[in-house]
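As they're listed, the protein sequences go chains A and B.
Residues 1 to 345 in the UniProt record's numbering are what the first sequence lists, from first letter to last.
Residues 1 to 326 in the UniProt record's numbering are what the second sequence lists, from first letter to last.
To be clear, the hints were calculated from the coordinates, so they are not data collected in a lab.
Warning: the hint list may mix true and false statements.
Here are the simulated SDA-like pairs of lysine to any residue, each with C-alpha atoms no more than 20 Å apart in a straight line [what the hints assert, rightly or not]:
id : chain 1 : residue 1 : chain 2 : residue 2
1  : A       : 203       : A       : 190
2  : A       : 116       : B       : 26
3  : A       : 91        : B       : 317
4  : A       : 116       : B       : 320
5  : A       : 96        : B       : 235
6  : A       : 91        : B       : 87
7  : A       : 91        : B       : 225
8  : A       : 116       : B       : 254
9  : A       : 116       : B       : 154
10 : A       : 130       : B       : 158
11 : A       : 116       : B       : 226
12 : A       : 91        : B       : 226
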Amino acid sequence: MTSTDQQAFLSVRDLKVHFSTEDGIVKAVDGLTFDLEKGKTLGIVGESGSGKSVTNLTILGLHDRHRTAIDGEILLDGKELITARESELEKLRGNKMAMIFQDALASLSPYHTIGKQIGETYRKHTGASKQEARARAIEMLKRVGIPQPDMRVDDYPHQFSGGMRQRAMIAMALVCDPELLIADEPTTALDVTVQAQIMDLLKDLQQEFGTAIVFITHDLGVIADIADDVLVMYGGRCVERGTKQEVLRTPRHPYTLGLMNSMPTLDGPVDVPLSPIPGSPPSLLNPPSGCRFHPRCSFAEKVAGGLCSTEQPALEVVGGRGSACHLTPEQRQEFFADFAVSRHN
Amino acid sequence: MFRFLIRRVLGALVILLIISAVTFFLFYAIPRDPARMACGKVCPDDLLAQVRANLGIADPMPVQYWHWLEGIFVGRDYTGVGHCNAPCLGYSFANNQPVFETLKGDIPTTISLAIGAAFFFLIIGIGTGMVAAVKQGTFLDKAASSFSLIGSSMQIYFVGYIAMFLLVSQLHLLDQPSYTPFTDSPVAWASGLLLPWLVLSIIFTANYTRMTRSQLVEQLSEDYVRTARAKGLSRRSVFFRFAWRGAMGPIVTIFGIDMGTLIGGAIITESTFSIQGLGLRAVRAVTDSDLPMLLGLTMIAAAGIVFANIIVDAVYALIDPRIRLA
Chain A
1 MTSTDQQAFL SVRDLKVHFS TEDGIVKAVD GLTFDLEKGK TLGIVGESGS
51 GKSVTNLTIL GLHDRHRTAI DGEILLDGKE LITARESELE KLRGNKMAMI
101 FQDALASLSP YHTIGKQIGE TYRKHTGASK QEARARAIEM LKRVGIPQPD
151 MRVDDYPHQF SGGMRQRAMI AMALVCDPEL LIADEPTTAL DVTVQAQIMD
201 LLKDLQQEFG TAIVFITHDL GVIADIADDV LVMYGGRCVE RGTKQEVLRT
251 PRHPYTLGLM NSMPTLDGPV DVPLSPIPGS PPSLLNPPSG CRFHPRCSFA
301 EKVAGGLCST EQPALEVVGG RGSACHLTPE QRQEFFADFA VSRHN
Chain B
1 MFRFLIRRVL GALVILLIIS AVTFFLFYAI PRDPARMACG KVCPDDLLAQ
51 VRANLGIADP MPVQYWHWLE GIFVGRDYTG VGHCNAPCLG YSFANNQPVF
101 ETLKGDIPTT ISLAIGAAFF FLIIGIGTGM VAAVKQGTFL DKAASSFSLI
151 GSSMQIYFVG YIAMFLLVSQ LHLLDQPSYT PFTDSPVAWA SGLLLPWLVL
201 SIIFTANYTR MTRSQLVEQL SEDYVRTARA KGLSRRSVFF RFAWRGAMGP
251 IVTIFGIDMG TLIGGAIITE STFSIQGLGL RAVRAVTDSD LPMLLGLTMI
301 AAAGIVFANI IVDAVYALID PRIRLA
């Protein structure tokens, strides 16, 4: 997320994704900007409905075009994706940019064998023969650590275990060595040991191929494990960004702080209850005035003049580090100090 | 797959046996003397006694049922009438003809009706359903939905008579409905049945349009369809190889039920167009209280439905590996 004069590999500029529904316009993503370099991982964190998945479906062009209005720029290796024709996108999807979805059982076709589903992507983009595609599928299954890949290649998804299905999904996404990989909560449905294996697998593959990864999650632990940079989303907007160390060690936005306080720590006292963020995510149909987080923010009344409920704080970014909050740096230092104490005592 | 089929066929035979027993006892339990029905209106006592003996009615009911089953598998002898070759379903009370021979003559007619109608309602129904699903929410979609609603609320005897009046009597576009065996002349076979096929398909198409549309709309929003798009596959190949594959199951199911029903006898259709098939035969058998004929018809209808279901299950297993490999 460093701002250089050179164009980043993936560059999203002021992206707005609005859906029209019967009840009105849903502003799912409302002005999002970020860059991602090759070989780096950007972690996008946020609650359900914060716009993180929509952002990534939009990058791939998988949104419903009839109902969606998109504004802004998405540049992949210098190529504008928003205005690209469907046929051009079809050549990029699965090839230069690929996606791993959350629920592998629902996301894999129940009607086709694993090998066929992996090989089909390969055939589509390389024109390989059926035999070549099958050999490639076996190779990919082996690479993601499926035992007996030459036999399992003919299995159907329902014959795989949950962890194996997710591995197969990753194999499918990586079959054409994509330069951009979007992983939408790929480990959320898995148990912790499998989760760790999958994360290691992604890291290995990234090292090998220099893939740029966008990793979507609501789990800060996963972010701490894999991300280089972090972007925190709330209500369709970025509220905080920076390197992993910056965001996780010295959070600047009350929402980020809230996310961290709602997570258990290994070294913390066991009898102190977790403190969840009160309230629920904002309606994107009718977002709160001013700062979208202010109804749930415990610091909102400390800002002079009720600014939080009237004026949207701007995201000020210096050197890739920024947050969108009305609190002054001095206030932040004072109020957030408690956090540091409670976390590290 | 082979073992699956064997198991289903054996199961079907058991079901048919049970159906035959229930029907047999129901028919013979009705408080009317079958001998008197078989004998006719003017029936002197000595003749009645003879008929009774011929039919074996003096025997206890289970014995009668056994003889009836025996007739189906090995044939049976009727005193005073002679040997009835297997499969023997007895002799009609109405005209003393062997029931099986009579029905054998009607089956091709009814099957021709069913298959021809299916050809039209599948193509039209699934085709419009697909268009409606792809063009969701557009004028085309709404038009297809409206027409299917109108079609499904029509009745054969209504549409049938209007169509006959307009297309046959007035405009002379189609031939008067009639049945010519396919083997005699395929052209006469098709042109004689075209009107009943079209009328039947008006009624049935609606179901398939609605089913195809709703299934496809559901499938198109499935995660795995999105994944297929994320792989770079074209809309067309995602539609046919993923969404349509998933949508087929329920369509095959209702098709199986419809075919079973149609083969069991399109009673109203055959009566409307005066085509001599199983349906019209059933109407006559009921008016004549022709018990052996009714029993035979019931068995054929039951067999049609049971075997249509086996085929549906087999097709389902072919479509969905989760069923095949379970």
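Hints and how they fare:
1. A:203 to A:190: holds (17 Å)
2. A:116 to B:26: violated (55 Å)
3. A:91 to B:317: It is violated: about 34 Å lies between the C-alpha atoms, which goes past 20 Å.
4. A:116 to B:320: holds (15 Å)
5. A:96 to B:235: holds (19 Å)
6. A:91 to B:87: Since the Cα atoms of residue 91 of chain A and residue 87 of chain B sit roughly 64 Å apart, the hinted pair is violated (cutoff 20 Å).
7. A:91 to B:225: holds (17 Å)
8. A:116 to B:254: violated (30 Å)
9. A:116 to B:154: Given pair residue 116 of chain A, residue 154 of chain B is violated - Cα atoms ~46 Å apart, limit 20 Å.
10. A:130 to B:158: Violated, because 55 Å separates the two Cα atoms, which is more than 20 Å.
11. A:116 to B:226: holds (17 Å)
12. A:91 to B:226: holds (16 Å)
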